[in-house]
Amino acid sequence: MDTIHSGYPPRAELWLCLARALLPPRGEVLAQALREDLVPELEELASKLGLDIDDAVNELSATLSQADTESLLPAYSSLFLVPPIPARLNAGVYLDGTLLGPNTKMLAEIFHRHGVEQSPDMHDTPDHFATILEFMALLFHKADGAEPALLEPILDDMEAVRGLLWRTLPELHRRVTETEQERSLPAVYSALLQIVKTVLRDEQGIFFCATGNVAQETARRYFTKRETAPDLVPCKACGKPVATARELKVIVDRLRQSGLPADHLELCPDCRDGTRGWKAGKTEFNLPGFR
Amino acid sequence: MAKWGMVIDLEKCVGCQACTVACGMENSRLPGEMWQDVIFFTEGTHPSAQLKWFPRPCQHCENPSCVAVCPTHATYKTEDGVVLVDWNRCIGCKYCMIACPYGVRFYTDEKPLVAPDMRKVLASKDDHSWNPPWKMPDAREDWKHGVGIQPHDVVSKCTFCYHRISKAPPGTPDLDPQDPKLREFTPACVVTCAPGARYFGDLSNPNSEVSRMIGDKRGVRLLDQLGNKPQVYYLTGDGGAVPSSRAINKKV
Numbered sequence: 003m004d005t006i007h008s009g010y011p012p013r014a015e016l017w018l019c020l021a022r023a024l025l026p027p028r029g030e031v032l033a034q035a036l037r038e039d040l041v042p043e044l045e046e047l048a049s050k051l052g053l054d055i056d057d058a059v060n061e062l063s064a065t066l067s068q069a070d071t072e073s074l075l076p077a078y079s080s081l082f083l084v085p086p087i088p089a090r091l092n093a094g095v096y097l098d099g100t101l102l103g104p105n106t107k108m109l110a111e112i113f114h115r116h117g118v119e120q121s122p123d124m125h126d127t128p129d130h131f132a133t134i135l136e137f138m139a140l141l142f143h144k145a146d147g148a149e150p151a152l153l154e155p156i157l158d159d160m161e162a163v164r165g166l167l168w169r170t171l172p173e174l175h176r177r178v179t180e181t182e183q184e185r186s187l188p189a190v191y192s193a194l195l196q197i198v199k200t201v202l203r204d205e206q207g208i209f210f211c212a213t214g215n216v217a218q219e220t221a222r223r224y225f226t227k228r229e230t231a232p233d234l235v236p237c238k239a240c241g242k243p244v245a246t247a248r249e250l251k252v253i254v255d256r257l258r259q260s261g262l263p264a265d266h267l268e269l270c271p272d273c274r275d276g277t278r279g280w281k282a283g284k285t286e287f288n289l290p291g292f293r
Numbered sequence: 007m008a009k010w011g012m013v014i015d016l017e018k019c020v021g022c023q024a025c026t027v028a029c030g031m032e033n034s035r036l037p038g039e040m041w042q043d044v045i046f047f048t049e050g051t052h053p054s055a056q057l058k059w060f061p062r063p064c065q066h067c068e069n070p071s072c073v074a075v076c077p078t079h080a081t082y083k084t085e086d087g088v089v090l091v092d093w094n095r096c097i098g099c100k101y102c103m104i105a106c107p108y109g110v111r112f113y114t115d116e117k118p119l120v121a122p123d124m125r126k127v128l129a130s131k132d133d134h135s136w137n138p139p140w141k142m143p144d145a146r147e148d149w150k151h152g153v154g155i156q157p158h159d160v161v162s163k164c165t166f167c168y169h170r171i172s173k174a175p176p177g178t179p180d181l182d183p184q185d186p187k188l189r190e191f192t193p194a195c196v197v198t199c200a201p202g203a204r205y206f207g208d209l210s211n212p213n214s215e216v217s218r219m220i221g222d223k224r225g226v227r228l229l230d231q232l233g234n235k236p237q238v239y240y241l242t243g244d245g246g247a248v249p250s251s252r253a254i255n256k257k258v
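First to last, the protein sequences are chains L and F. Residues 3 to 293 (this note's numbering) are what the first sequence spells out, left to right. Residues 7 to 258 (this note's numbering) are what the second sequence spells out, left to right.
It should be emphasised that the hints constitute simulated quantities derived from the structure, not laboratory data. Predicted model, so just to flag it, every value in this text is computed and none were measured. Treat each hint with caution, since some may be false.
[Said to hold, decoys possible] Partial list, computed: chain F residues near chain L (C-beta under 8 angstroms):
(1) Met7
(2) Leu16
(3) Val20
(4) Gly21
(5) Ala24
(6) Ser54
(7) Asn69
(8) Ala74
(9) Tyr101
(10) Pro107
(11) Val226
[Claimed, not checked] If you anchor each label on the Cβ, the simulated ranges turn out as follows:
(12) L:Ala148 / F:Arg189: 56 to 64 angstroms
(13) F:Pro175 / L:Val84: 37 to 45 angstroms
(14) L:Arg115 / F:Arg189: 29 to 37 angstroms
(15) L:Ala148 / F:Val120: 29 to 37 angstroms
(16) L:Asp272 / F:Pro201: 51 to 59 angstroms
(17) F:Ala121 / L:Thr100: 32 to 40 angstroms
(18) L:Glu154 / F:Trp140: 21 to 29 angstroms
(19) F:Val120 / L:Asp233: 27 to 35 angstroms
For every residue, glycine included, the Cβ atom is placed at its ideal position computed from N, Cα and C.
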């Protein structure tokens, strides 16, 4: 986990650290690093970022202190490698139900957009969690010094990758936790995935300041200025603004990632008819009592 | 774990809107903000135009568009198949309202649908968006599950009366309002439906009444072609069509 002080911003360091922890702990050096260096590095990065991951890190620390170095690789293999694999580390499996499905292709396209591709040494598909987390580190690194004009596409891609992680992590975490209990394995990887989930939740604050911390009082009315945004997309039927172009892009991306249609978005909710949803309370009669 | 779902028999529904009123009272809805909407519309043209109605609650989809687009994961699906909004996390971005193909979500601080604006007439002195004279006891209010009177600037929707169904005895196949033991766990719209057109039960249980009705009477789903897989089924009789699929399933 020797990642600190490499010139990356702390958040990128954190993602890189988590990415490496999700690689197979092959060899004495990596297993030793996982056992001895990971927890202090996570603690240091968390304090730099003001992240509240103490509980999860303490749990990880307690588990690692009980597990010996040799038990980590069998645990990793049992969870992620040996067929029938109880918890695959490939996000696409959870989203598409298969390897190399549309979500994996989407990820590879995003990688290419940023001029990177998976190393041939990885011996896995681009939707491997370690690869995705490392890519997140790269995006944070790129976003750190980016000009405003270049920042937007980076944030868009970051959001797409984060959305993909969000939808797959709960299921992966559940499977890992269950398997660890069933097979009496050290609960290292469930604790690690819990940290990933906590970090993801914390990052909501980067995209949506109102939700920086769920425990805090959220600043409401964050979106009430939509009516005056410069890039509003009008409804094809009535011309009333549906949403901003960027919002629609995010919504369309997320719907497509989930295999859902987005054709109805060209109409505002008020103009959707029987085949494309209905306006709540739409009137077909101008009579009192009929909505 | 149950997968709760609703069956609405369109041959029995008389469009009385008792469900709408019951839901409004049970869940302290603002006037005009109807989670259990009954939509009235016309089919055909003069002189053979017909007045029709269609009850349309939240469809509690298996693959919900709202959950896919919610940036803060405030909208989520429970293990028992109900789609809910966590008002503590909702930031009012309305992505879900734009993405939902069924139009069953409401934003608290829209222009009032009916006058006078009850949020001003019955203004709340705390975080709630209004203070109706009739409301559920505070102990049952649960913002994490979108139950109760909502705060300002959040999106709200039908919860299948989560405060009721979540207390149902485990393994219950159907929440039948005719059974006194289950009545208090049954959604308010189902309890109140005068012609008994609404049924509520466990879709994952093949022996439940709802599963059998869907199988025996060809239950159809609204906008099924979209792939959201709603958990509200409609029984349509011979026509075999809900308004969204009339063009596809024409009665021969």
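To see whether the hints hold, each was checked on the structure:
no.: 1; hint: Met7; in the structure: 13 angstroms, violated
no.: 2; hint: Leu16; in the structure: 14 angstroms, violated
no.: 3; hint: Val20; in the structure: 15 angstroms, violated
no.: 4; hint: Gly21; in the structure: 11 angstroms, violated
no.: 5; hint: Ala24; in the structure: 15 angstroms, violated
no.: 6; hint: Ser54; in the structure: 16 angstroms, violated
no.: 7; hint: Asn69; in the structure: 7 angstroms, holds
no.: 8; hint: Ala74; in the structure: 4 angstroms, holds
no.: 9; hint: Tyr101; in the structure: 6 angstroms, holds
no.: 10; hint: Pro107; in the structure: 4 angstroms, holds
no.: 11; hint: Val226; in the structure: 14 angstroms, violated
no.: 12; hint: L:Ala148 / F:Arg189: 56 to 64 angstroms; in the structure: 60 angstroms, holds
no.: 13; hint: F:Pro175 / L:Val84: 37 to 45 angstroms; in the structure: 41 angstroms, holds
no.: 14; hint: L:Arg115 / F:Arg189: 29 to 37 angstroms; in the structure: 57 angstroms, violated
no.: 15; hint: L:Ala148 / F:Val120: 29 to 37 angstroms; in the structure: 49 angstroms, violated
no.: 16; hint: L:Asp272 / F:Pro201: 51 to 59 angstroms; in the structure: 31 angstroms, violated
no.: 17; hint: F:Ala121 / L:Thr100: 32 to 40 angstroms; in the structure: 54 angstroms, violated
no.: 18; hint: L:Glu154 / F:Trp140: 21 to 29 angstroms; in the structure: 48 angstroms, violated
no.: 19; hint: F:Val120 / L:Asp233: 27 to 35 angstroms; in the structure: 33 angstroms, holds
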